[in-house]
Amino acid sequence: MMHKTISRRYILNRILLYSAAIVMALWTLAPIYLIALAAFSSKDAIYLYPKPLLPVNFSTETMTYFINIKGMMDNVKNSILVALLTIVFSLILGAPGGYALARFRFRGKQALTLGFLITKMFPVAILAVPLAVTFIRMDLYDTIWAVALVHTAMALPFVIIVTSGIFVGVPRELEEAAQTLGCNRIQAFIKVVMPLALPGLAAAAIYTFVTSWNEVFAATILTLRNRTLPAQLMTNLTESPLYFRYAGGFFMIIPALIFIFIIRRYLLNLWGSIVK
Amino acid sequence: MAGIRFQSIRKIYGKVIASNDISLEIKDGEFMVLLGPSGCGKTTLLRCLAGLEHVDQGRVYIGDRDVTDLAPRDRKIAMVFQSYAVFPHLTVFNNIAFGLQMQRMPKEEIKKRVYEGAELLQLTDYLHRFPAQLSGGQRQRVAVARAIVMKAQVLLMDEPLSNLDALLRLQMRAELKRLHDEIKATTIYVTHDQVEALSLGDRIAVMKNGKIVQCDIPMNIYDYPANTFVGGFIGTPPMNFFKGVVQADGACVTIGESQIFPSAGISAAVRVRANQNILMGIRPENITLVRTPQPNTLRARVMVVEPLGSHKLLTMQVGAETAKVSVPPDLVCTSGDEVWLHFDPEKIRWMDGGSGEALLPV
Numbered sequence: 026m027m028h029k030t031i032s033r034r035y036i037l038n039r040i041l042l043y044s045a046a047i048v049m050a051l052w053t054l055a056p057i058y059l060i061a062l063a064a065f066s067s068k069d070a071i072y073l074y075p076k077p078l079l080p081v082n083f084s085t086e087t088m089t090y091f092i093n094i095k096g097m098m099d100n101v102k103n104s105i106l107v108a109l110l111t112i113v114f115s116l117i118l119g120a121p122g123g124y125a126l127a128r129f130r131f132r133g134k135q136a137l138t139l140g141f142l143i144t145k146m147f148p149v150a151i152l153a154v155p156l157a158v159t160f161i162r163m164d165l166y167d168t169i170w171a172v173a174l175v176h177t178a179m180a181l182p183f184v185i186i187v188t189s190g191i192f193v194g195v196p197r198e199l200e201e202a203a204q205t206l207g208c209n210r211i212q213a214f215i216k217v218v219m220p221l222a223l224p225g226l227a228a229a230a231i232y233t234f235v236t237s238w239n240e241v242f243a244a245t246i247l248t249l250r251n252r253t254l255p256a257q258l259m260t261n262l263t264e265s266p267l268y269f270r271y272a273g274g275f276f277m278i279i280p281a282l283i284f285i286f287i288i289r290r291y292l293l294n295l296w297g298s299i300v301k
Numbered sequence: 014m015a016g017i018r019f020q021s022i023r024k025i026y027g028k029v030i031a032s033n034d035i036s037l038e039i040k041d042g043e044f045m046v047l048l049g050p051s052g053c054g055k056t057t058l059l060r061c062l063a064g065l066e067h068v069d070q071g072r073v074y075i076g077d078r079d080v081t082d083l084a085p086r087d088r089k090i091a092m093v094f095q096s097y098a099v100f101p102h103l104t105v106f107n108n109i110a111f112g113l114q115m116q117r118m119p120k121e122e123i124k125k126r127v128y129e130g131a132e133l134l135q136l137t138d139y140l141h142r143f144p145a146q147l148s149g150g151q152r153q154r155v156a157v158a159r160a161i162v163m164k165a166q167v168l169l170m171d172e173p174l175s176n177l178d179a180l181l182r183l184q185m186r187a188e189l190k191r192l193h194d195e196i197k198a199t200t201i202y203v204t205h206d207q208v209e210a211l212s213l214g215d216r217i218a219v220m221k222n223g224k225i226v227q228c229d230i231p232m233n234i235y236d237y238p239a240n241t242f243v244g245g246f247i248g249t250p251p252m253n254f255f256k257g258v259v260q261a262d263g264a265c266v267t268i269g270e271s272q273i274f275p276s277a278g279i280s281a282a283v284r285v286r287a288n289q290n291i292l293m294g295i296r297p298e299n300i301t302l303v304r305t306p307q308p309n310t311l312r313a314r315v316m317v318v319e320p321l322g323s324h325k326l327l328t329m330q331v332g333a334e335t336a337k338v339s340v341p342p343d344l345v346c347t348s349g350d351e352v353w354l355h356f357d358p359e360k361i362r363w364m365d366g367g368s369g370e371a372l373l374p375v
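Going line by line, the protein sequences match chains A and B. So that you can map any letter, position 240 of the first sequence is 265 in this note's numbering, and since no number is skipped, the others follow by simple counting. So that you can map any letter, position 164 of the second sequence is 177 in this note's numbering, and since no number is skipped, the others follow by simple counting.
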């Protein structure tokens, strides 16, 4: 009797768990699917009503149109460059910062950590105008460098805090052991800390990429001709046809999806395998 | 191979003095144990020698070299860490080879040495595994092998056995001793386990509050503790202490209602302390029970009897104090018995009632 009730409850729990998981998955997947569906239909099919939920009107017409719009590929290239620059900048600046927070005790450490987060309090909208003025003075306005710098500033607090969490997870004794075995501090970092921190650093890099890829506001204000993809889409959105919007939307999603798939293994690794 | 010399080492963390002018000399090939409760500064001293901490004052010598300002890698030391610090991203082979690879040793030589080390620590079958696939004891062996293949002048061990379970600890203890006999490197071993210290050390330095309280061979530490701290820290159960007063004529010591006469060797030192407080330190195994009142004994009541196989451990009420007595396993006694404790006079350690320092023969 006892046994039976337990197994019944177990099954019920499973059902609830899986329904919740399915709902959450649908919440994310349904819009992606609908956008993909529209992006890979013919231009006219988008206006059909009722809309078929299966790709019956499969066509690459919309996407071909989108890709062949003059300058669109330049925007994509800009976006990718900006995102990559942002990753490089924020890891070069953020990882050592995170390492310092993780390893060294110093006066004002708490305040400093809080200070990093406080920078997130200022809306980009407020910062964008003075930034634009500054960049014009520095002759950086309307370059991918300007956008990358702003994106770096936006991602940096997160990168510092996340990487410091990663470095804390790498026991100090490992580094010290490497030092007694013939490494100097830098070699110990490269040979022991880096390999162990890599999954976490990769996750930070992904976050940075997605942050930069999706950022619209600063990118729109700080560029005129050298637009990133979201900035370009944003400016054209209201006056463009529906199929353009769907194609653009789909294009925005792709890199994030690809990145997440590549990095998924590392993310799981990160949670599973930081060894004591 | 080389000896080690600490010369008035001082190390301060904020307000805590971790090393308070410590001087210590360790002979070439010696196995020195630093023993003390947690926070006594023993690990700090070891880390100062390894170069992982900078001393605030004093010099450290390995052989004739002043290594005080050298980086860890230039000190020709090898260290085993408490947490093993085995690199999780490298195989056992690469873990053991790590230090040799850093020296840019030829591949063949590395391979030879790694196999030697693995052989010595019975790791040959595990060379291609990752640390996550090993048991705690095996990981411990990897850490030791990694240090040994360096063939360093000095081998440092920071509580290497404290994370192992009791049985494994016993095994590894014997193995470390065998290993030291084989490689004969000057070894400094940090532990808070007094049994480990007694079993492994050529000498033991007992530490407390950043100072070395006593440094001697294990049997002297055990039999002739320098003060109540050492007597109380070493031995399970620790030394018993009875409060007493030296009689006016200095000939004997009054403890409760009884008189105890010091042995000839120490009587002069006791005599000069007439009317002063004094402590009688005696180890549980140096007490025998007698059933009738006799001179030189203390009356006691048995409170608890614990049969431990090889011996019985008795907890005694002696006046207002309690004492532990170790007796043969076949001795018949039950709680409530009234007995008299007789002390082996040569084994009594008399200590100053105020400072707790042992009296020395004058």
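Hints in this document: simulated from the structure, not taken from any laboratory. Glycine is no exception: its CB is placed at the ideal position from the N, C-alpha and C atoms. Be aware that one or more of the hints could be misleading.
[Said to hold, decoys possible] The list that follows gives simulated cross-link-like pairs (lysine-lysine, DSSO-like), each with its CA atoms no further than 27 Å apart:
#  : chain 1 : residue 1 : chain 2 : residue 2
1  : A       : Lys216    : B       : Lys89
2  : B       : Lys164    : B       : Lys190
3  : B       : Lys124    : B       : Lys28
4  : B       : Lys120    : B       : Lys40
5  : B       : Lys190    : B       : Lys221
6  : B       : Lys256    : B       : Lys337
7  : B       : Lys89     : B       : Lys120
8  : B       : Lys89     : B       : Lys124
9  : B       : Lys164    : A       : Lys216
10 : B       : Lys337    : A       : Lys134
11 : B       : Lys28     : A       : Lys216
12 : B       : Lys221    : B       : Lys337
13 : B       : Lys124    : B       : Lys40
14 : B       : Lys40     : B       : Lys224
15 : B       : Lys190    : B       : Lys40
16 : B       : Lys164    : B       : Lys197
17 : A       : Lys216    : B       : Lys124
18 : A       : Lys216    : B       : Lys40
[Stated by the list, open to error] Some, not all, of what chain A presents toward chain B, calculated at C-beta under 10 Å:
#  : residue
19 : Thr53
20 : Asn209
21 : Arg270
[Unchecked claim] Derived, one-sided and incomplete: chain B residues facing chain A with beta-carbon distance under 8 Å:
#  : residue
22 : Ala84
23 : Met92
24 : Pro101
25 : Phe106
26 : Phe111
27 : Gly149
28 : Gly150
29 : Phe254
30 : Gly366
For each hint, the structure was consulted:
{"no.": "1", "hint": "A/Lys216 with B/Lys89", "in the structure": "holds (20 Å)"}
{"no.": "2", "hint": "B/Lys164 with B/Lys190", "in the structure": "holds (17 Å)"}
{"no.": "3", "hint": "B/Lys124 with B/Lys28", "in the structure": "violated (48 Å)"}
{"no.": "4", "hint": "B/Lys120 with B/Lys40", "in the structure": "violated (34 Å)"}
{"no.": "5", "hint": "B/Lys190 with B/Lys221", "in the structure": "holds (25 Å)"}
{"no.": "6", "hint": "B/Lys256 with B/Lys337", "in the structure": "holds (15 Å)"}
{"no.": "7", "hint": "B/Lys89 with B/Lys120", "in the structure": "holds (21 Å)"}
{"no.": "8", "hint": "B/Lys89 with B/Lys124", "in the structure": "holds (21 Å)"}
{"no.": "9", "hint": "B/Lys164 with A/Lys216", "in the structure": "holds (22 Å)"}
{"no.": "10", "hint": "B/Lys337 with A/Lys134", "in the structure": "violated (51 Å)"}
{"no.": "11", "hint": "B/Lys28 with A/Lys216", "in the structure": "violated (35 Å)"}
{"no.": "12", "hint": "B/Lys221 with B/Lys337", "in the structure": "holds (24 Å)"}
{"no.": "13", "hint": "B/Lys124 with B/Lys40", "in the structure": "violated (32 Å)"}
{"no.": "14", "hint": "B/Lys40 with B/Lys224", "in the structure": "holds (20 Å)"}
{"no.": "15", "hint": "B/Lys190 with B/Lys40", "in the structure": "holds (17 Å)"}
{"no.": "16", "hint": "B/Lys164 with B/Lys197", "in the structure": "holds (10 Å)"}
{"no.": "17", "hint": "A/Lys216 with B/Lys124", "in the structure": "holds (20 Å)"}
{"no.": "18", "hint": "A/Lys216 with B/Lys40", "in the structure": "violated (35 Å)"}
{"no.": "19", "hint": "Thr53", "in the structure": "violated (33 Å)"}
{"no.": "20", "hint": "Asn209", "in the structure": "holds (6 Å)"}
{"no.": "21", "hint": "Arg270", "in the structure": "violated (46 Å)"}
{"no.": "22", "hint": "Ala84", "in the structure": "holds (6 Å)"}
{"no.": "23", "hint": "Met92", "in the structure": "holds (4 Å)"}
{"no.": "24", "hint": "Pro101", "in the structure": "holds (4 Å)"}
{"no.": "25", "hint": "Phe106", "in the structure": "violated (15 Å)"}
{"no.": "26", "hint": "Phe111", "in the structure": "holds (5 Å)"}
{"no.": "27", "hint": "Gly149", "in the structure": "violated (10 Å)"}
{"no.": "28", "hint": "Gly150", "in the structure": "violated (15 Å)"}
{"no.": "29", "hint": "Phe254", "in the structure": "violated (39 Å)"}
{"no.": "30", "hint": "Gly366", "in the structure": "violated (43 Å)"}
Checked against the numbered hints given earlier, this structure breaks hints 3, 4, 10, 11, 13, 18, 19, 21, 25, 27, 28, 29, 30; the rest are met.
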